[in-house]
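Number of protein chains: 2
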Amino acid sequence: MLESLFRPKAVAVIGASSKELSIGNRVIRNLIDFGFRGSIYPINPSADEIRGIKAYKSILDCPDDVDVVHMVIPAKFVPQAVEDCGKKGVKHIIINSGGFGETGAEGAAIEKDFLERARRYGIRILGPNCQGVINTDAEIRAYCNFTFTKPDPGFISIVALSGGVAEVIHQAFAQMGVGTRIYASNGNAVDVTIPDIMNYLGEDEGTRVIVTYVEGLRDPANFMKTATAVAARKPILAMKAGRTKEGAKAAASHTGGLAKEDIATDLIFKKAGVLSFRDEGHLIQAAAAFATQPIPQGNRIGIITNTGGPAVIATDVLVAAGCTLPPLSEPTRALLRGKLYPEASIGNPVDVLATGTAQHYRACMDAMMADDSFDCVFVNFVTPFFVDNESIAREIVAVSQQRRKPLVCNLMTDKQQWSEVVRILREGGVPCYPLPGEAARAMAALVHYHFIRRRETAAARTFADVQPDKARKIMAKARAAGRTQLAAAEVYGILDAYKIPAAKWRLAAGPAEAAEAAAKIGFPVVVKADAESVLHKSDMGAVAVNLGSASAVKRAAAQMQKALTAPDLRFLVQKYLPGGLEIIMGAKAEEGLGHAVVFGLGGIHVEVLKDVVFNLTPVSAPEAREMLGAVKSAPLLSGVRGQAGVNREKLAEILQRLSQLLTDHPDIQEMDLNPIMAFADKAFVVDARISIKEPA
Amino acid sequence: MLESLFRPKAVAVIGASSKELSIGNRVIRNLIDFGFRGSIYPINPSADEIRGIKAYKSILDCPDDVDVVHMVIPAKFVPQAVEDCGKKGVKHIIINSGGFGETGAEGAAIEKDFLERARRYGIRILGPNCQGVINTDAEIRAYCNFTFTKPDPGFISIVALSGGVAEVIHQAFAQMGVGTRIYASNGNAVDVTIPDIMNYLGEDEGTRVIVTYVEGLRDPANFMKTATAVAARKPILAMKAGRTKEGAKAAASHTGGLAKEDIATDLIFKKAGVLSFRDEGHLIQAAAAFATQPIPQGNRIGIITNTGGPAVIATDVLVAAGCTLPPLSEPTRALLRGKLYPEASIGNPVDVLATGTAQHYRACMDAMMADDSFDCVFVNFVTPFFVDNESIAREIVAVSQQRRKPLVCNLMTDKQQWSEVVRILREGGVPCYPLPGEAARAMAALVHYHFIRRRETAAARTFADVQPDKARKIMAKARAAGRTQLAAAEVYGILDAYKIPAAKWRLAAGPAEAAEAAAKIGFPVVVKADAESVLHKSDMGAVAVNLGSASAVKRAAAQMQKALTAPDLRFLVQKYLPGGLEIIMGAKAEEGLGHAVVFGLGGIHVEVLKDVVFNLTPVSAPEAREMLGAVKSAPLLSGVRGQAGVNREKLAEILQRLSQLLTDHPDIQEMDLNPIMAFADKAFVVDARISIKEPA
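Here the protein sequences line up with chains A and B, keeping their order. Counting from 0, one number per residue, gives the positions in the first sequence under numbering that gives the first Met the number 0. Counting from 0, one number per residue, gives the positions in the second sequence under numbering that gives the first Met the number 0.
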């Protein structure tokens with residue numbers, strides 16, 4: 000659907016200008032300089048030509064069909080111009096101008112106006128307030144953009160709302176000698192969205208890897224759906240900024256309120272299989288490796304070096320990132336012993352020495368490519384003046400182009416003095432990095448993507464023994480009563496409906512009834528005041544724990560009756576279960592996305608150490624198990640030093656039942672199972688809260 | 000003492016060669032090409048001239064004094080050549096050749112031989128197996144080195160054993176357009192050490208910042224002393240590699256066993272006030288900022304930008320690194336409102352818009368330099384084609400050169416298209432980074448160094464109420480008995496001697512005596528078997544806790560007597576102190592360095608979460624307090640949600656008394672106070688172990 004936006008045959012510029020430093024001039028210059036294969040139509044009411052190209056008074060005067068129109072005119076003229084484009088049969092408009100939604104109500108009204116007109120004519124809009132697109136395909140060469148980086152053709156496509164960061168990334172690729180396939184920055188994104196463009200890039204054969212930058216997601220569900228589908232076909236590398244409160248505020252100030260400090264974006268990236276980065280440099284360096292290298296089959300790295308220290312740094316980074324450096328197999332050692340200098344160190348790293356030749360490097364690379372002990376080959380290469388560095392570079396290119404296993408190169412050189420070495424490696428598509436840590440992190444990203452591809456996935460389990468209607472009725476009743484916070488009995492009723500095990504409980508109207516209930520449950524018990532007006536129970540003396548007798552229960556309930564004047568006061572009597580491991584689970588509705596679910600150990604683990612993990616609903620069985628293992632305190636679940644472990648499968652099941660409850664009932668705003676007491680055999684919720692959304 | 004090594008007037012090359020690709024030729028070429036201000040003497044028995052310079056048959060034939068001699072000859076000829084140099088009165092020899100200690104016993108013998116000769120003549124040796132030195136000082140221009148990076152003059156000096164990493168760092172500076180002052184790589188370092196060179200650089204006026212890379216420290220105490228002294232005068236930026244087991248192994252393979260996986264190096268860096276980096280890129284980027292910028296007076300950053308997203312990234316990085324982004328003061332806002340475009344965003348970041356001019360940037364920079372709300376100024380600067388970017392660059396240079404507050408620049412440009420902008424900023428000494436995260440981390444490093452400079456330091460406290468002799472006698476007695484593991488009574492005796500409070504205790508020979516002791520201490524008590532042969536008490540049933548009566552004590556002791564057949568079996572009866580917060584402290588001798596001390600909370604905090612902090616003796620009062628605050632579980636010390644805190648000052652005192660004990664008794668190999676039970680008022684050691692070093 001975006002085919003002719005990215006592969007236009009004719010581009011017109013409404014607002015084309017003869018003034019050198021104007022965007023209306025620059026766009027035309029960029030199209031010419033970049034060798035656009037199609038026709039260019041400057042539109043200007045008073046000029047005959049612009050940059051030597053015949054200009055037209057109106058888009059309606061253009062002799063041929065126009066695929067893409069740039070608009071570089073004041074906002075107020077845009078709606079009429081869109082109308083004209085509609086009449087002309089234009090398919091896409093890139094609105095470079097600003098002055099729309101980002102500036103306030105007046106601009107928003109203009110935006111609404113031109114959007115309605117565009118929809119009427121079936122025109123798709125990129126922007127407004129955007130840079131535009133670039134396509135380096137030799138058949139197209141479309142530089143529909145006013146920025147200045149002139150990319151070589153390549154395999155990486157970049158897409159972002161923010162022209163600033165997209166440009167930074169683009170410049171970095173250009174500086175590294177890494178080519179680009181397609182570049183798209185869509186500014187206010189009132190029509191064509193990031194997922195739209197991602198879908199296109201997913202289909203584009205020339206795009207091997209997609210790079211994106213976000214400060215927030217407008218339509219998280221759509222992003223999730225698209226990213227999941229596209230990431231299954233090709234790697235998506237993404238960075239989210241606005242992570243700190245201050246950063247989110249800065250983002251909001253330039254986007255007009257889009258960004259927020261959230262965890263949902265990270266969870267979406269993870270669930271969709273998007274490779275997430277916190278450092279734009281790491282993202283850029285990784286993308287360069289993805290552009291030309293195959294995805295590895297594992298995390299076992301072989302290192303070849305001609306200098307010591309840089310291989311040590313690379314080793315540290317690789318190992319810290321979860322890679323291993325297995326020893327060479329004995330046949331490989333024997334082979335290399337016959338081919339390298341006697342003083343060469345035949346380990347992993349293999350040190351061919353500074354005097355190592357192209358033949359030495361080739362022998363090592365071939366050996367590691369052939370040796371089943373390795374999934375990836377890492378090359379440190381400093382260019383001493385006394386060896387034939389160009390030949391070494393050519394051998395690295397030759398091996399890299401076999402694409403048997405991924406190869407990255409830490410090229411340590413003076414780019415001016417050794418320009419030929421640099422050229423050979425660049426043109427050969429070898430991902431080269433001046434610093435060993437950069438090269439190692441790029442390699443680790445390839446490995447990380449392998450693990451994402453290989454991760455166990457499954458549809459979320461659907462438990463057949465649940466009673467959604469029972470839960471729905473409870474919530475409906477509370478809503479009808481004007482409440483969003485559910486009473487304890489309601490909460491336990493909902494848990495019952497989803498077979499989420501809770502400590503045995505009964506409701507009692509008064510102290511005497513409470514004592515009877517306790518006797519039926521069995522001592523010791525907990526007594527909790529249950530009234531909507533009593534929310535923070537422990538702060539108000541509305542909980543009494545470890546009551547061992549009927550008289551203790553009566554006394555406690557009577558005291559609560561005295562202290563709390565709630566007219567709806569009742570008592571929840573519950574089995575007291577000491578000695579288990581405190582677990583917490585919880586959930587919070589995420590706009591447009593279902594719920595974020597949290598898991599952790601209770602007490603200091605959550606309160607002091609903030610040791611919790613999050614995921615998005617629906618939570619599958621492998622995801623539930625992964626969450627259990629992802630907290631730092633996970634060893635406590637399995638038991639440490641004399642303490643028994645707990646039943647992890649039971650906890651994983653509760654997480655999945657919780658997920659099903661949330662999925663069935665999007666109206667749940669927030670809920671806490673805090674704590675769940677977990678034991679070697681079972682686990683029971685002993686306190687819980689549920690709040691539902693305000694009626695719309 | 001190293002003056003003439005770094006500022007030679009005459010350099011000779013023994014092993015000078017006519018062969019283009021030999022080191023003996025390259026060193027001469029480098030000296031010539033770099034414009035060495037002194038005399039060059041090629042030494043070659045058979046050539047008349049090398050690269051147009053008259054050659055001599057022997058160093059003894061040189062017509063003048065020689066400060067520095069390069070040796071590029073096989074190892075076996077080195078001792079005689081050193082002898083000749085001695086006769087000539089040479090002051091320094093750089094041995095570029097390898098084939099010495101790094102290759103085995105034979106090489107080590109040659110090394111010993113030439114070293115003895117050098118000492119006899121008072122010659123200092125750099126290397127062997129090293130690159131050499133470079134000094135860019137306009138009066139010197141000494142390129143006594145065979146490598147290839149040709150630095151501009153600058154303010155950063157680089158020193159490292161590893162030529163590979165030193166070269167990588169050097170190349171990165173050259174690529175960034177950042178100059179170097181002195182470069183030194185000393186390979187095997189058999190004579191001139193890293194601390195020797197650091198001392199020299201500390202005195203060198205042209206060096207503003209020292210960069211170093213280590214894989215391990217040969218003489219940690221000397222490094223500590225030197226680094227502490229030098230870091231007080233100018234910043235030292237350091238990176239330690241070989242952090243992972245695999246990395247340390249890789250390091251050992253190329254240095255012949257120097258590196259080890261240790262924590263001591265980090266502790267030394269911290270104690271000495273060295274700025275430590277885990278990423279060579281971060282180190283390089285930070286050094287570029289230190290080279291030209293003043294140290295800030297605080298962590299409050301003002302950001303100026305002409306593009307949105309990159310400022311968001313910078314904000315995230317700065318805030319995550321502990322910086323703040325205060326709002327502009329009202330007068331500053333008012334001032335800027337009159338000077339910027341009406342649409343400009345006058346917050347922090349200030350967004351001058353892509354169309355912002357040099358005057359706009361200047362107004363913002365001036366305002367932030369003058370506004371007391373800010374300690375640093377951060378500039379994002381993308382170069383749109385439609386503004387006068389060169390003028391913006393010139394204003395940034397002008398403000399940077401005032402050196403009122405540090406300024407760094409995230410310059411987002413195409414270096415080829417905007418080469419003049421790049422040139423203006425480079426020559427103006429503005430630290431420029433293509434990525435916002437890089438610029439932000441460099442700025443954060445300046446701030447970090449400010450906090451290191453400002454940190455509270457103090458001499459370790461000396462407690463006058465301790466009895467070193469008592470402790471010494473206890474250890475001497477154990478050693479005389481052939482033991483390195485002290486018995487419990489000995490351990491408590493030593494703690495007593497240093498007034499480290501322990502739970503009340505008494506020794507008892509048998510069950511009856513134990514019951515008497517318990518009665519004197521007061522119930523409940525713990526009974527522990529105390530015999531050298533019983534080391535892992537809790538595993539062997541040799542500890543009984545919470546004994547509430549004389550009969551219980553008797554029974555427990557009798558059971559132990561039955562179960563344990565140790566001839567030296569006695570009983571340690573100790574007050575049982577439940578309910579406190581478990582603390583652990585410990586220590587381990589670090590070769591050549593005193594002891595590493597550990598602090599943390601006990602139980603899962605140390606066993607599962609590994610939440611502990613380390614320091615080196617002696618531990619001062621501010622250091623002890625900092626350690627208490629540095630564990631993640633620190634809030635528990637102050638009390639959380641209803642639980643009382645503990646007496647932090649008492650714990651800090653115990654740490655300091657422990658430090659004094661260790662300092663007074665370097666013979667202590669390892670000790671544990673595990674746990675210490677801490678309460679709101681007091682703290683008591685309830686279990687402890689001490690082992691002393693094997694007799695030498």
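Because the hints were derived from the structure by calculation, they are not lab data. It cannot be assumed that every hint is accurate.
To be verified - Simulated coverage check for chain B against chain A, where a stretch passes if three residues somewhere in it have a Cβ under 8 angstroms from a Cβ of chain A:
# : segment
1 : 18 to 26
2 : 38 to 45
3 : 345 to 357
Note that CB positions come from ideal geometry on N, CA and C, so glycine has one too.
Comparing the hints with the structure gives:
Counting residues of the segment 18 to 26 of chain B whose beta carbon lies closer than 8 angstroms to any beta carbon of chain A gives 4, which reaches the threshold of three, so the coverage claim holds. Taking a C-beta to C-beta cut-off of 8 angstroms, the segment 38 to 45 of chain B contributes 0 residues in contact with chain A, too few for the three needed, and the coverage statement is violated. Only residues whose beta carbon comes within less than 8 angstroms of a beta carbon in chain A count, and the segment 345 to 357 of chain B has 3; three or more means the coverage holds.
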